[in-house]
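Visitor: Residue strings, one per chain:
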Amino acid sequence: MYIRTTFKTLNDAFFMALEAIRDNLLRSILTLLGIVIGVFAIIAVMTAIRTLESSINTGLNVFGSDVIFVQKSPVMQMGDHNSRRKYWSRPNITYKMALELRDRIVGAEFVSAQDGTGGKTIRFKKEKTNPNVGVQGVDEFGLEALNHKLDYGRNFIPEDIEYGRRVVILATDVIQKLFPFQDPVEQVVSINGIGFDVIGTLERKGEMFGQSQDNFVIIPMTTYLQYFGSRWTSLGISIKAPDAESFNLTKEEVIDQMRIVRGLGPMDENDFEVTSNDALIDTFGSFTAGIKMFAGAVSVIALVVAGIGIMNIMLVSVSERIKEIGVRKAIGATRNNILFQFLLEAVFLSLIGGVIGVLLGVGVGNMVTLVMKNVAPVIPIDWVFIGLGVCSFIGIVFGIYPAYKAAGLDPIESLRHE
Amino acid sequence: MSLIQVKDLYKIYQMGNSEVRALDGVSLSIEQNEYVSIMGPSGSGKSTLMNLLGCLDTPTSGEFFMDGIDVATMDDDALAHIRNKKIGFVFQTFNLLPKSTSLRNVELPLIYNGEIKAADRREMAIGALTRVNLADRVSHKPNELSGGQRQRVAVARALVNNPAIILADEPTGNLDSKTGEEIMALFDELHKQGNTIILVTHEEHIAAHASRVVRLLDGKIAVDEPTQRGEK
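Taken in sequence, the protein lines are chains Z and U. Sequential numbering from 1 applies to the first sequence in the numbering used here. Sequential numbering from 1 applies to the second sequence in the numbering used here.
Isolated chain Z, as found in the complex (with noise of 0.2 Å):
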């Protein structure tokens, strides 16, 4: 009987606050406009992070899943010049300890090898491309962990390697380009003059930040390492675990195993770094944390803004009325009813600007897809939510004083009152 009476009071306050929202329209709408800002912040970039995010999710994949990732270097630097210099000074990884390192790992389903280079022009009698391919030189686990995916001809096989063997596997823009109407399998390409036997084709990975990731080959490693190869090359090194639980137990091996190879003493610092997809958007995250706390506090101080504007707005509001609160007790309002019915108006006069406020957001915040391709537009309904939940909270707590103060006036007086 109490919750029903309390319900009913509720839904005819609802529509007393609406009323009251109405009558005062342009005020309403200019007390909304900081709360509107204040969401829409938050909102914009919540959501496109999360566009971002699930591009790089997929985007990001580089390594294939449960790999790990040996390199001189790290592979995001975020740090000055004497911490660039620490990493530069590392002695190269050579062929031979990437060998030595696949002999002394037991437990990993494979050890691949892998270097690239760029600007490289591939030729096709009289057609080339433009100088700017890149070259990577694998073995025959390259496909797996570099999470390409062959799509005609045939992978390398060892002996391809042993033997540096002058053969190629082509991507899709070089094929566009140099075999548009023609098998390119069983050609003969040039790579800066040096011909190649195409053995294959791979199939399209698409585009991340509006960049191809199809413009390149890949030959053998060894075959690499006779053309390509300088005194700066360094090569990287992809393990990959037997499954996602050995995950952690294969990257310590990888890190023992390649200490020894490396030559390290027991008090020597790593002179490798191992990474993997998940470290990778882990570096990405804390990339985008950044961002998040700025739009966070720019909201937060929007909102308190406009929570002050409400509860400004909620006074005149309550002053302005206070005949009408003397007339509604005179005719038997209790404390709550009037209560309720100012608390109500402040949280609908919030949560109309948050709506507006998420409407907005996810609008521009998926302004980002326009830009990008490949990427979907997303809805970050947990932060909708987040945003809607902080507005009618921000309406209770800028709206409880005024309200308590309508509540609290004096029949009497304020019936006098003119």
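Just so you know, these hints were derived from the structure itself, not from any lab. Backbone N, C-alpha and C define an ideal beta-carbon position, used for all residues, glycine too. One or more hints might be untrue.
[Claimed, not checked] Dumping the calculated BS3-like pairs for lysine-lysine here, alpha-carbon to alpha-carbon at most 27 Å:
1. U:K141 to Z:K323
2. Z:K72 to Z:K86
3. Z:K177 to Z:K96
4. U:K141 to U:K178
5. Z:K251 to Z:K96
6. U:K99 to Z:K405
7. Z:K251 to Z:K177
8. Z:K86 to Z:K125
9. Z:K149 to Z:K120
10. Z:K323 to U:K99
11. Z:K149 to Z:K86
12. U:K85 to Z:K405
13. Z:K72 to Z:K128
14. U:K85 to U:K99
15. Z:K323 to U:K7
[Unchecked claim] One-sided excerpt, in silico: chain U residues whose CB lies under 8 Å from chain Z:
16. D77
17. A80
18. H81
19. N95
20. L97
21. K99
22. N113
Take the given structure of chain Z and dock chain U to it, following the hints.
Guide: Leaving out everything else, chain U in the frame of chain Z:
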């Protein structure tokens, strides 16, 4: 027991060092279907008595029973319920919600009643507006109505909850004499239908509509007698 039973009612205000006895020992009883006017010059305690009878205020001391319920010591919320269910107010300045329609204004006491369904509320409000001959002004707002019509809406609002008493504070004070008489005719009619009416006024010809007049002076009842109409 009488509808209103008041005994030795005191209302004392502390004004700095001196105390003001707004009501100084008032005893009064009003029966079902009585038509009483309360008169008195300003400062006589007339408004204070009206506020107490209207359950807007509590006395400093004394007994006050409304329809058998002890209201002298009630808290604010309990008084609000009594006001809602037992009392219908009619004010000098109408006191309608300016941006709400007649229907909405009349519905308001039913909303605070909390026990009446929305559909019934509408029906009851239209019924009350019909009783004051305003069935055709249901969706008009106060600024679209004449002064007399506004006061009729206010009377309908006072009636809608079937209160034990209708308490009218200078109901004709803001109306011209012709419209004022129309409103008084309405009160006479409501009295005939069985309502109990308390009329607070300083105008003799308005007070003459009642069957009994209570005259206050310096916080005490000076005269409590039947009017000419009452003697008939």
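Visitor: Against each hint, give a clear statement of whether it holds in the structure.
Guide: Hints and how they fare:
1. U:K141 to Z:K323: Given pair K141 of chain U, K323 of chain Z holds - Cα atoms ~18 Å apart, limit 27 Å.
2. Z:K72 to Z:K86: Measuring from Cα to Cα gives roughly 10 Å; hence the hint holds.
3. Z:K177 to Z:K96: Violated, because 36 Å separates the two Cα atoms, which is more than 27 Å.
4. U:K141 to U:K178: holds (23 Å)
5. Z:K251 to Z:K96: Given that 27 Å is the threshold and the Cα spacing comes to 20 Å, the pair holds.
6. U:K99 to Z:K405: Holds. K99 of chain U to K405 of chain Z sits at ~23 Å (cutoff 27 Å).
7. Z:K251 to Z:K177: With a Cα-Cα distance of about 40 Å, the restraint between K251 of chain Z and K177 of chain Z is violated, given a limit of 27 Å.
8. Z:K86 to Z:K125: violated (45 Å)
9. Z:K149 to Z:K120: holds (22 Å)
10. Z:K323 to U:K99: At roughly 13 Å apart (the allowed maximum being 27 Å), K99 of chain U and K323 of chain Z satisfy the hint.
11. Z:K149 to Z:K86: violated (36 Å)
12. U:K85 to Z:K405: holds (25 Å)
13. Z:K72 to Z:K128: Violated, at roughly 34 Å.
14. U:K85 to U:K99: Holds, at about 25 Å.
15. Z:K323 to U:K7: violated (32 Å)
16. D77: holds (5 Å)
17. A80: holds (4 Å)
18. H81: holds (7 Å)
19. N95: holds (5 Å)
20. L97: holds (6 Å)
21. K99: Holds: closest Cβ of chain Z sits about 5 Å from K99 of chain U, inside 8 Å.
22. N113: Status holds, d = 7 Å.
Violation of the numbered hints given earlier is confined to hints 3, 7, 8, 11, 13, 15; the remaining hints are satisfied by the structure.
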